[in-house]
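From just these sequences and the hints, can you work out the full model?
Now for the letters of each chain:
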Amino acid sequence: MRHFLVMAAFALLTSVVFGTVAKDTNRERVLYGAKVFAEFMIIGLALGWILYFVPF
Amino acid sequence: MAVSDNVRELEEKVPQRAWLMAFAGWFLPGVGHLLQGKWGRAVLLGGAVWTCFLVGLAMGGHMFSPTPSDQGSSAWLQVPPMIANLGSGVLYISSWLMGVGFSDDPAHAARATYEYGNTFLLIAGLLNYLSMLDAFDISAGRKS
Numbered sequence: 001m002r003h004f005l006v007m008a009a010f011a012l013l014t015s016v017v018f019g020t021v022a023k024d025t026n027r028e029r030v031l032y033g034a035k036v037f038a039e040f041m042i043i044g045l046a047l048g049w050i051l052y053f054v055p056f
Numbered sequence: 057m058a059v060s061d062n063v064r065e066l067e068e069k070v071p072q073r074a075w076l077m078a079f080a081g082w083f084l085p086g087v088g089h090l091l092q093g094k095w096g097r098a099v100l101l102g103g104a105v106w107t108c109f110l111v112g113l114a115m116g117g118h119m120f121s122p123t124p125s126d127q128g129s130s131a132w133l134q135v136p137p138m139i140a141n142l143g144s145g146v147l148y149i150s151s152w153l154m155g156v157g158f159s160d161d162p163a164h165a166a167r168a169t170y171e172y173g174n175t176f177l178l179i180a181g182l183l184n185y186l187s188m189l190d191a192f193d194i195s196a197g198r199k200s
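Chains as they are written, first to last, in the numbering used here: chain A, 1 to 56; chain B, 57 to 200.
No wet-lab data here; the hints were simulated from the structure. Heads up, a few of these hints could be off.
As the list claims (entries may be wrong) - List of simulated lysine-lysine pairs, PhoX-like, C-alpha gap at most 25 Å:
hint	chain 1	residue 1	chain 2	residue 2
1	B	Lys-94	B	Lys-69
2	A	Lys-35	B	Lys-94
3	B	Lys-94	B	Lys-199
4	B	Lys-69	A	Lys-23
5	A	Lys-23	B	Lys-199
6	B	Lys-69	B	Lys-199
7	A	Lys-35	A	Lys-23
8	A	Lys-23	B	Lys-94
9	B	Lys-199	A	Lys-35
For clarity, every value in this text was computed on a predicted model and none was experimentally measured.
This is how it looks when you write it as structure tokens:
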């Protein structure tokens, strides 16, 4: 559980910065930040499951 | 010829203030935007960098610096992560001066969150480089 929370904190902090420095309008920034956050979480979980089955 | 004229014209238009804002933003995360009255961005960017750095330290992360004991390629391998850490500005410098986060204690490295801490400290510096460039662009009139 702690690993997941650390990953979520990392994704949140990074997506806040990415969303703030990118795009032109506030709406676009929020959407982009949310998209980056979702990508971090989904890819992180997917990689976690893939690596779970790697025997070494 | 015309392209080089345009490039020169663009370079000349960057005001001195933009470099100052970039330096302020690098030195103290968030201040580059604060000095330009961009309160929201200052809180979001500065807050994210400060939080990332402090969480990294709390998790027992280690920062990189070239030390005389490192020789050959070992010394050079310290440089890229050190550049990333250096992005935190005064946070990195003050930690270095106080000796916080620079110890090579094996017991410290054995903590379960050690690698997480390292990553958070590296990312804090890299995020602040992005923040610094944003402060520069705003001051130079390239962004609103």
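Satisfaction of hint between B/Lys-94 and A/Lys-23, Cα-Cα up to 25 Å: OK: A/Lys-23 and B/Lys-94 at ~16 Å, within 25 Å.
Satisfaction of hint between B/Lys-199 and A/Lys-23, Cα-Cα up to 25 Å: holds, 10 Å
25 Å limit on alpha-carbon distance, applied to hinted pair A/Lys-35 and A/Lys-23: Cα-Cα ~13 Å, so holds.
Straight-line alpha-carbon gap B/Lys-94 to B/Lys-69, limit 25 Å: Status holds; Cα separation ~22 Å.
Given hint A/Lys-23 paired with B/Lys-69 - CA-CA distance at most 25 Å: holds, 23 Å
25 Å Cα cutoff - pair B/Lys-69, B/Lys-199: holds, 14 Å
Hinted pair B/Lys-94 and B/Lys-199, Cα distance within 25 Å: holds, 12 Å
Satisfaction of hint between B/Lys-94 and A/Lys-35, Cα-Cα up to 25 Å: With Cα atoms ~24 Å apart, A/Lys-35 and B/Lys-94 stay inside 25 Å; holds.
Given pair status - A/Lys-35, B/Lys-199, alpha carbons within 25 Å: Distance of about 22 Å is within 25 Å: holds.
Taken one by one, the earlier hints all hold for this structure without exception.
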